[in-house]
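Visitor: Using the sequences and the hints, build the whole thing.
Chains as they are written, first to last, in my numbering: chain A, 641 to 1056; chain B, 7 to 260.
I should point out that these hints are in silico values taken from the structure, not numbers from a laboratory. From a predicted model like this one, the values you see are computed outputs, not experimental measurements. Note that CB positions come from ideal geometry on N, CA and C, so glycine has one too. Treat the hints with care, as some may be off.
Derived Cβ-Cβ restraints for the label pairs, each shown as a range [said to hold, decoys possible]:
#: 1; chain 1: B; residue 1: 119; chain 2: A; residue 2: 965; range: 48 to 58 Å
#: 2; chain 1: A; residue 1: 1017; chain 2: B; residue 2: 235; range: 53 to 63 Å
#: 3; chain 1: A; residue 1: 646; chain 2: B; residue 2: 119; range: 34 to 44 Å
#: 4; chain 1: A; residue 1: 929; chain 2: B; residue 2: 235; range: 39 to 49 Å
#: 5; chain 1: B; residue 1: 154; chain 2: A; residue 2: 722; range: 46 to 56 Å
#: 6; chain 1: B; residue 1: 152; chain 2: A; residue 2: 759; range: 33 to 43 Å
#: 7; chain 1: B; residue 1: 258; chain 2: A; residue 2: 940; range: 15 to 25 Å
#: 8; chain 1: A; residue 1: 722; chain 2: B; residue 2: 186; range: 13 to 23 Å
#: 9; chain 1: B; residue 1: 186; chain 2: A; residue 2: 1035; range: 49 to 59 Å
#: 10; chain 1: A; residue 1: 1035; chain 2: B; residue 2: 93; range: 30 to 40 Å
#: 11; chain 1: B; residue 1: 152; chain 2: A; residue 2: 728; range: 23 to 33 Å
#: 12; chain 1: B; residue 1: 93; chain 2: A; residue 2: 1036; range: 22 to 32 Å
#: 13; chain 1: A; residue 1: 1035; chain 2: B; residue 2: 238; range: 47 to 57 Å
Below, computed lysine-lysine pairings styled on DSSO-like, alpha-carbon distance capped at 27 Å [stated by the list, open to error]:
#: 14; chain 1: B; residue 1: 112; chain 2: A; residue 2: 946
#: 15; chain 1: B; residue 1: 222; chain 2: B; residue 2: 187
#: 16; chain 1: B; residue 1: 230; chain 2: A; residue 2: 655
#: 17; chain 1: A; residue 1: 655; chain 2: B; residue 2: 112
#: 18; chain 1: B; residue 1: 187; chain 2: A; residue 2: 655
#: 19; chain 1: A; residue 1: 877; chain 2: A; residue 2: 840
#: 20; chain 1: A; residue 1: 840; chain 2: B; residue 2: 247
#: 21; chain 1: A; residue 1: 840; chain 2: A; residue 2: 768
#: 22; chain 1: B; residue 1: 247; chain 2: A; residue 2: 934
#: 23; chain 1: A; residue 1: 840; chain 2: A; residue 2: 878
#: 24; chain 1: A; residue 1: 840; chain 2: B; residue 2: 66
#: 25; chain 1: B; residue 1: 125; chain 2: A; residue 2: 934
#: 26; chain 1: A; residue 1: 946; chain 2: B; residue 2: 125
#: 27; chain 1: A; residue 1: 1047; chain 2: A; residue 2: 815
#: 28; chain 1: B; residue 1: 222; chain 2: A; residue 2: 655
#: 29; chain 1: B; residue 1: 57; chain 2: B; residue 2: 222
#: 30; chain 1: A; residue 1: 878; chain 2: A; residue 2: 908
#: 31; chain 1: A; residue 1: 655; chain 2: B; residue 2: 125
#: 32; chain 1: A; residue 1: 934; chain 2: A; residue 2: 946
#: 33; chain 1: A; residue 1: 840; chain 2: A; residue 2: 934
Simulated coverage check for chain B against chain A, where a stretch passes if three residues somewhere in it have a Cβ under 8 Å from a Cβ of chain A [what the hints assert, rightly or not]:
#: 34; stretch: 68 to 81
#: 35; stretch: 224 to 234
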Amino acid sequence: MTEAWTYPEALWTVKDLFVYPNEYIYWSIQIVMYPLMTGLVAGAFVLSSLYHVFGLEDLKDMAKFSLVFSFALLIVAPMPLMFHLQQPLRGMEVFFTPHFTSAISAFGIVFFSYSIIVVTEIWFVYRKFFVEQSIALKGKEGIGNSLKQLLYSVLTLGAYDIGEKALHKDKKAIKILAGIGIPVACFLHGYAGFIFGSVKANALWMTPLMPVIFIMSAIVSGIALCMLTYIVIMEWKKFRIKTSRKSWEVTAADVGGAEIDLIKNTAKYLVGFMIAAITLEILDLVFRGYTAVKSWEILRSVIYGKDFVDIFILQYGFGNLLPFLMLVIPGLTIRRTAFALALVIFGVFMMRWNVVIGGQAFSLSFAGYMHYNIPFIPDTLDAYKEGFFGALTIGLMPFGLFWVINKFIPSLKYHK
Amino acid sequence: MSRRDFLMSTLKVAVASALPLSAFKFLSPAEAKAAVEAANVRWGFIVDTYKCVGCGFCVKACKIENEIPYDAPVTRTWVERYLILKDGRMIADTPLGGRDGFTELKIQDEVVEPKEVAKAYFVPKLCNQCENPPCVQVCPVGATYQTADGVVLIDRTWCIGCGYCIMACPYGVRFFHPVYKVAEKCTFCYHRIHKGMKTACVDACPFGARQIGNLKDPNDPVTKIIMTERVAILKDEYGTKPQVYYIGLDENVR
Ligand code: SF4
Ligand code: SF4
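Guide: What follows is the structure, encoded as structure tokens:
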């Protein structure tokens, strides 16, 4: 039987009723992480662009941070796909023989053009800083300083002019890049939705709304994650200021005061996008029920039966409704926001889960079901990659990267 | 030589040297395809559900012929058993793809008494070698491709193992090869049919429930059946245009 032969997918797929012999949950947790991560990138970038393009001054500090954070997320975005490939070493072949009828093969192109935009924008935002650093570090002693000096002077790319005029030009460039970036970010994620939406064999995925639904929830998740990370870092700073005996340029109260205003402002935008996202999802659900094509019978049994808890309790209840209420009830505090944000991110994760895993929960025979048991104990490479710890690795990676990047491109310098 | 003459003659030389180049005509992808597609073979398959008794010989033969680990819970071809009960219910199963034949009365965890059964039959399945294959459409690297004679193949050295094609096939025929870790499926025994042999499953079937033939040859017995008898295809609504035709297909077949 299945135990005698270790077919990895058979490890975590439980079959029920009439399922074809080759059917398994082939797209497991990493494919849940994949749209989650690309969504976070897109969302973080859109948040930063709100300030750069539309001049929403109240988002200034958040914008700088989320731009750099989106870069860290960007590096991680293709990782889940790599983790998932059975032949990860051949991943590059997508670039050698791109097959343009495939939604996945567009990834390389969209991803690279998007990366170029993000990197260039970061460069324009920090050019002044690079120049200043490379000048300030000149002639300082120590191997560390001279290495740093070298790095910063390379980063300036030889553009040392930080006069009024040059900086003005930079600002303009940033605005343009941020402007182009918004549609490209939406495209990056919209096409992640397209990967699913274009699979005609899957009754749950097959909807033209899929890309739009993905874009909206991406923005929601990105904004929420940026806010949460920002809060955690700021709280940590405050905590350090309070507890250390060293004297700091700012007081804990300064940090805290600036923070709550910023958070309240950003939360307003978040709530707006949440409404859009949830409306689209519900529209999709209602539409399917109303038109009730052949596949609706099995879809309904999954949506209202097998996956009821995952969809209605965890995703809509804890992931949407509860944080929504928490964010709109007056008297918002940092702690309440942080809690709500964590729930929002959880909600988006559950949405991805319900799309990816839920989409595979029923057999193509429409007469059976499959259940995914996420592997916890990483006793084989497959069980690690496609299991809980593989997902955790992906989830933590951007924070590590951000920490490193922030050492050279400080996005969180506290300005009064 | 004046400046003007010099320019003129240079131009002439340039044009002349460019001429032979244009003799190497660049084919547009459509033209290139048309040139190859002039093949006079189109492989097609017939499954006669009236003849299938569910012995599973075809599944065994296929596993051995195509080196799919015998005990792995995946297979290139399989046989499904359908029972329509007198109370109108349909139940079906395919334990291990029907490899060992259907000898038990137990189906989907319930024991069905023969007197409750109104109708029972077996349906062999395999890759439909679709005319319009979604698996080929979605492969990001082109590792899954369609040959001129209509068979969809997978390049084992090029597949990155993303599983997109597995998701895209409405018939669930694809899987990951447990050893090679790349997408895998029925190829109509491409290595055999090219030598004029039949596929392993056709050879193994003692009852003639499976047949393979050339749909472009009007005298081929398979073509004749398709032209003159009532045949059906699976899941027509997906627009994949399968080239596996069924005799005696019932609306309960999934
Ligand atoms: S049956 Fe599936 S694997 Fe075979 S050609 Fe059609 S879509 Fe591709
Ligand atoms: S699994 Fe292989 S054959 Fe299938 S789509 Fe991916 S690369 Fe192509």
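Visitor: Each hint: holds or not?
Guide: Here is how each hint holds up against the structure:
no., hint, result
1, B:119 - A:965: 48 to 58 Å, "56 Å, holds"
2, A:1017 - B:235: 53 to 63 Å, "55 Å, holds"
3, A:646 - B:119: 34 to 44 Å, "37 Å, holds"
4, A:929 - B:235: 39 to 49 Å, "41 Å, holds"
5, B:154 - A:722: 46 to 56 Å, "34 Å, violated"
6, B:152 - A:759: 33 to 43 Å, "40 Å, holds"
7, B:258 - A:940: 15 to 25 Å, "20 Å, holds"
8, A:722 - B:186: 13 to 23 Å, "19 Å, holds"
9, B:186 - A:1035: 49 to 59 Å, "31 Å, violated"
10, A:1035 - B:93: 30 to 40 Å, "50 Å, violated"
11, B:152 - A:728: 23 to 33 Å, "27 Å, holds"
12, B:93 - A:1036: 22 to 32 Å, "54 Å, violated"
13, A:1035 - B:238: 47 to 57 Å, "48 Å, holds"
14, B:112 - A:946, "25 Å, holds"
15, B:222 - B:187, "35 Å, violated"
16, B:230 - A:655, "40 Å, violated"
17, A:655 - B:112, "17 Å, holds"
18, B:187 - A:655, "22 Å, holds"
19, A:877 - A:840, "50 Å, violated"
20, A:840 - B:247, "14 Å, holds"
21, A:840 - A:768, "51 Å, violated"
22, B:247 - A:934, "20 Å, holds"
23, A:840 - A:878, "52 Å, violated"
24, A:840 - B:66, "31 Å, violated"
25, B:125 - A:934, "24 Å, holds"
26, A:946 - B:125, "31 Å, violated"
27, A:1047 - A:815, "25 Å, holds"
28, B:222 - A:655, "41 Å, violated"
29, B:57 - B:222, "25 Å, holds"
30, A:878 - A:908, "24 Å, holds"
31, A:655 - B:125, "25 Å, holds"
32, A:934 - A:946, "19 Å, holds"
33, A:840 - A:934, "14 Å, holds"
34, 68 to 81, "holds (count 6)"
35, 224 to 234, "violated (count 0)"
Hints 5, 9, 10, 12, 15, 16, 19, 21, 23, 24, 26, 28, 35, counting from the list given before, are not met by this structure.
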